[in-house]
Amino acid sequence: MSADIRTAIADLLAEHAARIDEDRLEDWLGLFAEDCLYRVTTRENVRLGLPLSLILCEGKAMLRDRVAALRKANIFNIHSDRHLVSAIRYRGQRDGLHHVEANYAVFQTSQEGESRLFSVGAYHDAIRETDGGLVFVQKLVIPDTAAIPTLLATPL
Amino acid sequence: MSADIRTAIADLLAEHAARIDEDRLEDWLGLFAEDCLYRVTTRENVRLGLPLSLILCEGKAMLRDRVAALRKANIFNIHSDRHLVSAIRYRGQRDGLHHVEANYAVFQTSQEGESRLFSVGAYHDAIRETDGGLVFVQKLVIPDTAAIPTLLATPL
Amino acid sequence: MSADIRTAIADLLAEHAARIDEDRLEDWLGLFAEDCLYRVTTRENVRLGLPLSLILCEGKAMLRDRVAALRKANIFNIHSDRHLVSAIRYRGQRDGLHHVEANYAVFQTSQEGESRLFSVGAYHDAIRETDGGLVFVQKLVIPDTAAIPTLLATPL
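Quick mapping for you: the protein sequence lines, in order, are chains H, U and Y. Quick note: the first sequence uses our numbering, first residue 9, plus one each step. Quick note: the second sequence uses our numbering, first residue 9, plus one each step. Quick note: the third sequence uses our numbering, first residue 9, plus one each step.
Worth flagging that the hints you see were computed from the coordinates, not collected in a lab. Source: prediction; values computed, not measured. Positions of the beta carbon are idealized from the N, C-alpha and C atoms, including for glycine. Just so you know, nobody snuck in bad clues.
The calculated label-pair distances, taken between Cβ atoms and stated as ranges, are: (1) Ile-13/U with Arg-99/H: 24 to 30 Å; (2) Leu-58/H with Ile-86/U: 44 to 50 Å; (3) Arg-124/Y with Asp-139/H: 42 to 48 Å; (4) Met-9/H with Ile-13/U: 20 to 26 Å; (5) Met-70/Y with Met-9/H: 35 to 41 Å; (6) Leu-60/U with Ala-77/Y: 54 to 60 Å.
Every beta carbon over 12 Å from chain H, so not counted as near; a handful from chain U, in silico: (7) Gly-67; (8) Val-143; (9) Val-145.
Could you put the whole structure together from the sequences, leaning on the hints where they help?
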């Protein structure tokens, strides 16, 4: 893997975080391939090899629907997000995709002005090089606990 | 932007964090240009384009005064800081300055030994290359909430 | 220092974090030299130049014993860890070793599913290049407070 690709991958993960934190969810969609898989599961499910998901979007159309639903539900923006993402761990290239892992912490700030830890966990991502830059083909989000509200949640 | 500059920018942000965390505020001043702007505002102010600031230091002299005031006020060091700063997002070069953004989380530890989240937010920085290395020309700190005590606070 | 070594050092710190977080403590041992020093102390001890330690393992054999003891004690895995590690600060090469510093935050998630801040602090590491890759010769962990339970704790 070249240093350039590594930098580009780090940039993709930083963009992912920033577009959620800035509530630019429509732009966030632009970081995903049409045939993407966005899945939030848990550490326990991954450890046991279970296919259970807290959130599962197969294909960008489902992801688009989710963003539209969030926009409809959150008429009043009830909190803001802030991501801290660790350095990436490069796990090799398979099937033409770059596989990377990273740790994350997401903090939420309420309208009352209180910031608190919302979720910590890991990303397991598969990334494709395209003419328009890098895109996520798979974004597997693995929070350390399933005890997080996901119904109306912004993406992790 | 060369890989070298990118590394140097990341180093500058890491030094910024370390010198605050190690309570080396006089050395921290050395990371700023004489004509610098150090401003702490809020997400809301930035979103609405408001010029309101929680802290505003125009020029290094004001920053120096602030550090002197902190030294006088905090006869007893009441807490220690610890920064976690995300990977930088390079936003381009304008007017000879490098523009970068990053997320931060600051944790404080009290003298009683309790560590807790103090502030999360973003940095929007403008950085100049000089013969003596990189310096901040603008450091805009954008906490996710204005509900933080700033009167006697160490810099973010 | 070449960009390659810098990347390799960042990778070593990321592996350190990941192997603890994934509860692969036996693999974590593989990141240390036989003549390593693993020491957890406090900010206050470092500031005063005191040799006091919360945890002190001189040599890999002691580190191996500690992992074995943890395995025996933690029959039920009582929590999981998640590390966020900052960008490294390269402090130069002395005695053939690379000296680097970084900030960390460790979050723990209980079996009841609550994630919370466990410890923040700094790493001061000395790293050796070997034919098999980089290894830690010294890992000095400096939590911002000594008020953390260390008897049965996983490594920081």
